[in-house]
Amino acid sequence: MSDRDAPLPSTWIARDLYAGPTQAQPGVLKLDANEGNPPPRKLLKDLATADLSKLREYPDARPLESEIADRLGVDPARVVVTAGADEALDRVFRAYLARGRRVVLPVPAFEMMYRYADMIGGEIHPVPWTDAFPTDDVIDALDDSVSLVVMISPNNPTGRTADASDLERVAEAASNVDSGAAFGAMVILDHAYVEYADHDLTSLAQRFDNVVTVRTFSKAWGLAGCRVGYAVASPEVATVLRNVGSPFPVAGLSLAAVRAQLSTGDAALKEHVAAVRAGR
Numbered sequence: 009m010s011d012r013d014a015p016l017p018s019t020w021i022a023r024d025l026y027a028g029p030t031q032a033q034p035g036v037l038k039l040d041a042n043e044g045n046p047p048p049r050k051l052l053k054d055l056a057t058a059d060l061s062k063l064r065e066y067p068d069a070r071p072l073e074s075e076i077a078d079r080l081g082v083d084p085a086r087v088v089v090t091a092g093a094d095e096a097l098d099r100v101f102r103a104y105l106a107r108g109r110r111v112v113l114p115v116p117a118f119e120m121m122y123r124y125a126d127m128i129g130g131e132i133h134p135v136p137w138t139d140a141f142p143t144d145d146v147i148d149a150l151d152d153s154v155s156l157v158v159m160i161s162p163n164n165p166t167g168r169t170a171d172a173s174d175l176e177r178v179a180e181a182a183s184n185v186d187s188g189a190a191f192g193a194m195v196i197l198d199h200a201y202v203e204y205a206d207h208d209l210t211s212l213a214q215r216f217d218n219v220v221t222v223r224t225f226s227k228a229w230g231l232a233g234c235r236v237g238y239a240v241a242s243p244e245v246a247t248v249l250r251n252v253g254s255p256f257p258v259a260g261l262s263l264a265a266v267r268a269q270l271s272t273g274d275a276a277l278k279e280h281v282a283a284v285r286a287g288r
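For the sequence shown, the residue numbers in the numbering used here are 9 to 288.
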């Protein structure tokens with residue numbers, strides 16, 4: 009058995025486990041999870057008229073994937089709905105990272121990136137991000153031991169952003185890495201907070217076969233409790249991401265809630281984003 013195929017030490021299970029979200033206490037504002045404002049009450053009325061037969065059927069995410077694709081102007085074959093952005097990220101790590109391989113991660117960063125790598129036995133290569141996105145330093149960190157590069161924009165926890173030039177340069181450099189994959193090293197564009205940013209790089213990312221964009225309905229759409237996110241990638245990569253996940257990851261009512269929110273259009277989304285900004 010090779011080192012890559014060897015099982016991870018069982019001690020991982022016993023150490024540094026994720027404690028889960030904190031519970032709000034009376035008189036204390038709960039800000040650590042970055043939850044958005046509640047959605048409009050009309051959403052409850054929409055769900056009250058939902059087709060009850062959907063509760064006995066296994067949920068079908070394809071209608072939502074088609075609606076997301078329409079909004080983004082891409083082929084539905086590029087969209088994979090997941091149980092929150094967390095599951096989309098987990099799928100990418102499990103599909104494209106192997107034990108002993110490296111992940112280039114500008115830091116500080118979303119803590120779950122470390123855990124996804126740790127569970128697989130990968131190694132995080134941190135690159136300090138203190139001002140502008142450290143494109144040159146990220147590219148300098150690339151070698152044939154790298155399988156993944158992570159770009160979180162807007163960054164969690166700092167709010168800093170990468171621009172189109174940053175993504176283009178990193179994606180092109182990563183495509184030249186001899187990672188064992190046909191397209192080089194995979195670049196994850198974590199766009200969980202993109203609705204609060206000035207620049208949306210989702211469309212640009214579709215030019216590159218080695219870029220997966222991860223987005224969510226948890227933040228700007230105010231639906232964190234529904235646990236619905238999605239990945240946007242080349243059709244080939246999207247197929248891989250489907251294959252490494254469960255067939256029915258999102259509950260039918262969650263899918264219905266997201267579709268109802270999408271039907272309200274961009275004006276409602278912009279109002280929600282503006283209200284969150286004002287409250288901050």
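None of these hints come from the bench; they were simulated from the model. Treat the numbers as computed from the prediction; the structure is a model and nothing was measured. Be a bit skeptical, because a hint or two may be false.
Pairwise CB distance ranges (calculated) [stated by the list, open to error]:
#1 S74 - D206: 35 to 41 angstroms
#2 A276 - S74: 29 to 35 angstroms
#3 S74 - R215: 19 to 25 angstroms
#4 A286 - R215: 45 to 51 angstroms
#5 D139 - A58: 46 to 52 angstroms
#6 D206 - T57: 19 to 25 angstroms
#7 D68 - G233: 37 to 43 angstroms
#8 A190 - D68: 48 to 54 angstroms
Cβ atoms here follow ideal geometry from the backbone N, Cα and C, with glycine treated the same way.
- Query: Any hints this thing doesn't respect? Which numbers, in order?
  - Reply: 1, 2, 4, 6, 7, 8
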